[in-house]
Each structure stands twice: as structure tokens, then as C-alpha cells.
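All chains, please: the whole structure from these sequences, using the hints.
There are 2 protein chains.
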Amino acid sequence: MSAAPTAYEPTDRTVPTRGRPKARYDRETVHSILDQAYVCHLGFVRDGAPVVLPTLFGRVGETLYVHGSTGSRPLLAAGKADPGLPVCLTVTHVDGLVLARSAFHHSVNYRSVVVHGIAYQVTDEDECRMALDALVDHVVPGRSADSRPANAKELAATAVIRLDLTEVSAKVRTGGPNDDAEDLGLPFWSGVVPVSPVYGTPVPAADLTPGLAAPDYLAAL
Amino acid sequence: MSAAPTAYEPTDRTVPTRGRPKARYDRETVHSILDQAYVCHLGFVRDGAPVVLPTLFGRVGETLYVHGSTGSRPLLAAGKADPGLPVCLTVTHVDGLVLARSAFHHSVNYRSVVVHGIAYQVTDEDECRMALDALVDHVVPGRSADSRPANAKELAATAVIRLDLTEVSAKVRTGGPNDDAEDLGLPFWSGVVPVSPVYGTPVPAADLTPGLAAPDYLAAL
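As you go down the protein sequences, you meet chains A and B in turn.
If you're matching positions, the first sequence starts at 1 in full-length UniProt numbering and goes up one per residue.
If you're matching positions, the second sequence starts at 1 in full-length UniProt numbering and goes up one per residue.
Since the hints were made in silico from the structure, they are not lab data.
Be aware that one or more of the hints could be misleading.
Chain B residues, not near chain A, derived (Cβ > 10 Å throughout) [stated by the list, open to error]:
(1) Asp26
(2) Glu28
(3) Ser32
(4) Arg59
(5) Ser107
(6) Gln121
(7) Thr123
(8) Gly191
Across the chosen pairs, the derived CB separations fall in these ranges [said to hold, decoys possible]:
(9) A:Pro187 - B:Thr17: 53 to 59 Å
(10) B:Pro5 - A:Pro215: 44 to 50 Å
(11) B:Asp124 - A:Asn178: 17 to 23 Å
Using N, Cα and C, we set each Cβ at its ideal position, and we do this for glycine too.
Have a look at this one:
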């Protein structure tokens, strides 16, 4: 048994037509970008037109899970589609605003992952439960063990789809602006404004049992 | 001449199958969500499969603009498509992590906008220039007036597509967790962890002309 390769194999769809130096295929970079995002953008085709919806997701190894009501459109479509629903799942972080001397070279520093593939509805109950734990732990690591697990009624109301990480690429832009040499003397400030998410003080639910302290795993965020 | 209606007209595609109370159609909410985002997720169909790419955008009134290299795939497709390229453009902000007592009721507080429509390539040079200014000012308000405008060569290398805001909806989730009454006594902390973007200290370009101070409009971010 050989170890999994450390990188995804590039395909026609995952080699960009532009910005190739920014492309990354190693699993470590891809997993890290995915795991830091709360929301992905899930694209699918309905009646011949594209639909892109934000949704929570979870990762277990080389599989992503998305869940929703059994009545939600993409989940229904994945369940009905045979042999599955073609999707494109994309995650993006903005890390900085890149101000160049020229309007043309303005940009943002970012990290993104694009996954192409076929989404299948999960029918195995154990896999469903594992996926739902992964979805909760994706929001707050360690949280699934510190909440009430889904009961039979909730499981029946929830559809889960899986998307394997096979056709995958990341793109990463870092660093300063790339001004043209002839623009360097222009009197415009040039550089990067870093952007990052911060967490505020946890706000207890209005009906929280008095005396119940915020758990330690929130401090680790 | 009558004033523009204050809200977008709901359509089959913009009325959600679930979470209807979260839906918003007023222009003020939609514009505010769009204007606070740096990146949108642009979905289109290629060879029958969905593609979702992160990209910068700008807004001028009721029109969104997306730009890219004349060699980029969606831009090429919009240029070749007759009468335009069906797209779905989505923007999402995550405002908080919602921890419920039950795994099932975990969620995030978010604001999202989904725009359905046909993207057309902009061929008028004045509209192209206005769109490029809007794209730069979308990253940093006021910046387009404080940078070198695109020259003829840069304009020729840039494709711009426009998407009118006609079939549009927003979704907004705010507030605490919605735990079931029978779960309120469970010994799990419940509440919201706020998340918001913060800006770091601007990092000057390595080749910045000495003595050029960071502009005031960066302090306004």
C-alpha cells in the first residue's frame, strides 16, 4: 500500500489560463485554506443556468461534506441526479489590499481553493453522523463533543452530500504590488493593507443557564 | 420619470425554498452587502459543468462590473456568448459563529447577496474606464483618483463584463442560537462568537519613494 501523493494531479480545469505562478496543488496548502474557511460557495447548474450558494461545509481527510434541509434545492438535485450532481466548490480568503501606483496593478492578496467534481448524497447513517460532526467541528474545533448529537428526527430532516477532493487547485497571491518600472517615481503611495478576521468576546445566549462559562475551546480560536 | 423602486422584485430563483424569513429584497441592504465585500464568487457554466471563481468587482448604481485579462475564461466566454453569458454572482460575509446546545442548530450569522443574470462584455471605452475606476474604488474608496489611470495598452489587455442588478436577493441571519425548548437545560454553553475583518498597519512597497506617507483614505478603512 503506497502513501497518498502529496499533491493533486493538475487537469485541464485546474490549470489557470492566467496567473499560473499562483497555482498550488499540494494537499497541505489546499487543506489549510479549506479548514480556515467557515463558508464555501457551492456552484451547480439548474435549468441550464449557474447557481452559486454560500453554505457551511466540513472536511474529513480527502472528502468534503455539505449539509442542508432535505428540501433544499442543491441537496434535492444531488439526491435525484444519477450518478450525482456536477458541482464546483470554492473557498476564498482575502489577506490584504494591494495598492499599486497604477490602477491596473491594484489587486488583493488572497488564498483560494477550487474543487471540481460530482457530489453524491450520503445514504449511510454512520457517514452522515460523522459528516455532521465534521461540519460542527469545522465551525469550532472540538465543539461536536460538547453539544447534543443529532437525534433520529433531525437526521431524517438533514441531507448530506459528499464531494471527494480529486480535481483540486489552490491559488495564492502574497507580497507587494507589481508596479511597472516606469511607474516607480509616481507620487502615489504603494503597498499592502493587511486584512484578517478577528473574533469578538463570545455573547452568551439570552436563555443561557446562569453560571455556565464560555468553554476553553473558544479561547483557542 | 418615476423613482426606482426601493426593492428588487422576487422571482422563482430568488425566493429561497428554506429560510424565507432571512430573505431581503431592499436595495439598501443589497448594496451595503455588496459594497463591503472585496471579492465575489462568479459562477458560470462551461462544457455543461459549473465553475465558480473568486474575483474582484465594482458597483456603479444598479450595475456590477467584473474585469480580467482578455485571455481569462469567463471573460472570453462572455465576449463570445450571444447574447451574453448566464452567470450567478454571490457575495457572503460571516459575522458570527452560532453555537447551539444541539449540533443540529449550529450555524453562522451571515449576510449574503445572490445575483442571477446575463453578463455582457463592455465595449464602450468610456464605460470601461468608469468600470475600472469603480473596481479600484471598491478595494479602497477614493483610490482611483490617487493612482495612474489605465493607459491604452492596459485597456486593450483588460476585458470588462457588466451584470445588471435585476434578479437579486439577500439573506441575513442575525442573533443568537435557536435551541429547542427541551434542550435549554443541557449543560452546553450556547451563544455567538462575533467575527469581523480588521485592517493591519499598511505595509509600504519595498521600492516606495522615501518620504511618501500612507494616504489619509487608508485611515478611513
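Cross-check of the supplied hints:
The Cβ of B:Asp26 lies farther than 10 Å from every Cβ of chain A, with a closest approach of about 19 Å, so its non-interface assignment holds. Interface exclusion of B:Glu28 from chain A stands, the closest Cβ pair being 21 Å apart, more than 10 Å. Chain A leaves B:Ser32 outside its interface by the beta-carbon criterion, the shortest separation being 17 Å against a cut-off of 10 Å. Every beta carbon of chain A lies more than 10 Å from that of B:Arg59, the smallest distance being close to 16 Å; the non-interface claim holds.
A Cβ of chain A approaches the Cβ of B:Ser107 within 10 Å, the least distance being about 8 Å, so the stated non-interface status is violated. With a closest Cβ-Cβ approach of about 16 Å to chain A, B:Gln121 is found to remain outside the 10 Å limit, as its non-interface label requires. Consistency note on B:Thr123: stated as away from chain A, and its beta-carbon is indeed over 10 Å from all of that chain's, at 19 Å minimum. A beta-carbon of chain A comes within 10 Å of the beta-carbon of B:Gly191; the shortest separation is about 4 Å.
Between A:Pro187 and B:Thr17 the CB atoms are about 54 Å apart, so this pair conforms to the stated range of 53 to 59 Å. For the hinted restraint 44 to 50 Å between B:Pro5 and A:Pro215, the CB-CB distance of approximately 47 Å keeps it satisfied. Distance hint check for B:Asp124 and A:Asn178: the Cβ-Cβ separation is about 28 Å, which falls outside the suggested range of 17 to 23 Å.
Violated hints, in rising order: 5, 8 and 11; the structure is consistent with all others.
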